[in-house]
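Counting with this note's numbering, you get residues 1 to 171 for the letters of the sequence shown.
Do not take every clue at face value.
Here are the computed distance ranges between Cβ atoms for each label pair [to be verified]:
#: 1; residue 1: R88; residue 2: N7; range: 20 to 28 Å
#: 2; residue 1: R32; residue 2: W152; range: 32 to 40 Å
#: 3; residue 1: H141; residue 2: C67; range: 20 to 28 Å
#: 4; residue 1: I11; residue 2: R157; range: 41 to 49 Å
#: 5; residue 1: E117; residue 2: I11; range: 32 to 40 Å
#: 6; residue 1: L3; residue 2: D125; range: 36 to 44 Å
#: 7; residue 1: K17; residue 2: L97; range: 40 to 48 Å
#: 8; residue 1: C67; residue 2: R157; range: 21 to 29 Å
Keeping only pairs whose Cα atoms sit at most 30 Å apart, straight-line, the calculated DSSO-like set for lysine-lysine is [claimed, not checked]:
#: 9; residue 1: K49; residue 2: K85
#: 10; residue 1: K110; residue 2: K147
#: 11; residue 1: K47; residue 2: K31
#: 12; residue 1: K33; residue 2: K46
#: 13; residue 1: K31; residue 2: K46
#: 14; residue 1: K17; residue 2: K46
#: 15; residue 1: K82; residue 2: K16
#: 16; residue 1: K21; residue 2: K111
#: 17; residue 1: K69; residue 2: K9
#: 18; residue 1: K127; residue 2: K160
#: 19; residue 1: K110; residue 2: K17
Because the hints were derived from the structure by calculation, they are not lab data. Please read all numbers here as calculations on a predicted model, not as lab measurements. Quick reminder that beta carbons are idealized off the backbone N, C-alpha and C, glycines included.
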Amino acid sequence: MDLIVENLKDIVSTFKKEGIKTKLGVETMGKRKVFGSLDEIIEVCKKVKEVVPVIDLGHIHARCNGCLKEREDFERIFEKVKPLKLKRYLVHVTGVLYENGNEYYHIPIKKGDMPLEPLLNLILDEKYNVTLISESPLLEHDAIYIKIMIEWLIQRRTGKDKVSYKDLSGL
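Can you make the complete structure from the sequences, with help from the hints?
Structure representation (structure tokens):
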């Protein structure tokens with residue numbers, strides 16, 4: 001981890017010298033033997049303030065052999081990153097084929113065993129500022145599927161036939 005932190009600090013230093021103002025994202029990884037557990041990523045973010053976590057839920061789901069099933073499972077992830085005081089969460093979503101804590105490859109969301117509804121309800125209930133990024137092999141299809149799921153959940157909450165994302169402010 002020390003080498004990773006050192007390299008990230010070098011990159012940040014170079015960016016500053018070049019006048020580049022940006023955050024670097026470090027993503028959770030989908031294999032147990034590879035650096036990139038959520039705890040490791042959080043530790044790096046604490047050591048390099050210009051680094052933010054990219055929370056890849058498919059990778060986390062693979063590493064824990066399919067542990068992301070209930071709302072509480074997703075709550076634990078957001079609780080873990082809470083000390084970083086993020087203004088926005090970057091979250092990758094996809095189905096994933098895995099075995100023994102290791103991801104083999106991404107699959108369409110509907111083909112995976114990680115349900116979206118508990119995650120989306122949590123995001124809506126807590127009003128988390130989340131950018132959801134589809135990493136599915138059916139990239140656009142699953143991005144629209146996520147959008148439809150969010151709209152459906154808002155419709156259920158508001159009773160409105162048509163949904164505006166402005167409706168989120170009243171939830």
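Worksheet item: Is the Cα-Cα distance between K17 and K46 30 Å or less?
Response: The hint holds at about 22 Å.
Worksheet item: Is K110 close enough to K147, meaning Cα to Cα at most 30 Å?
Response: Holds: K110 and K147 sit about 14 Å apart, inside 30 Å.
Item to complete: Take the C-beta atom of R88 and the C-beta atom of N7, compute their distance, and say whether it sits inside 20 to 28 Å.
Response: holds (24 Å)
Worksheet item: At the C-beta level, are R32 and W152 separated by a distance inside 32 to 40 Å?
Response: holds (35 Å)
Discussion item. Need the status of pair K47, K31: alpha-carbon distance at most 30 Å?
Written reply: Distance ~23 Å between K47 and K31 Cα, so the pair holds.
Fill in: Pair hint outcome, K31 versus K46 [Cα-Cα no greater than 30 Å]
holds (22 Å)
Discussion item. Quick check: does the Cβ-Cβ distance between C67 and R157 fall within 21 to 29 Å?
Written reply: holds (27 Å)
Worksheet item: Keeping to a limit of 30 Å between CA atoms, is the pair of K110 and K17 held or broken?
Response: The given pair, whose Cα atoms are some 45 Å apart, is violated under the 30 Å limit.
Item to complete: Measure nothing beyond the straight line between the CA atoms of K127 and K160; if it is 30 Å or shorter, mark the hint as holding.
Response: holds (19 Å)
Worksheet item: Honestly, do I11 and R157 meet the 41 to 49 Å range at C-beta?
Response: holds (42 Å)
Fill in: Pair hint K82 and K16, alpha-carbon separation not exceeding 30 Å
holds (26 Å)
Fill in: Straight-line alpha-carbon gap K49 to K85, limit 30 Å
Satisfied, since the Cα-Cα distance of roughly 11 Å is no more than 30 Å.
Hint compliance for this structure: hints 16, 17, 19 are broken, all remaining hints hold.
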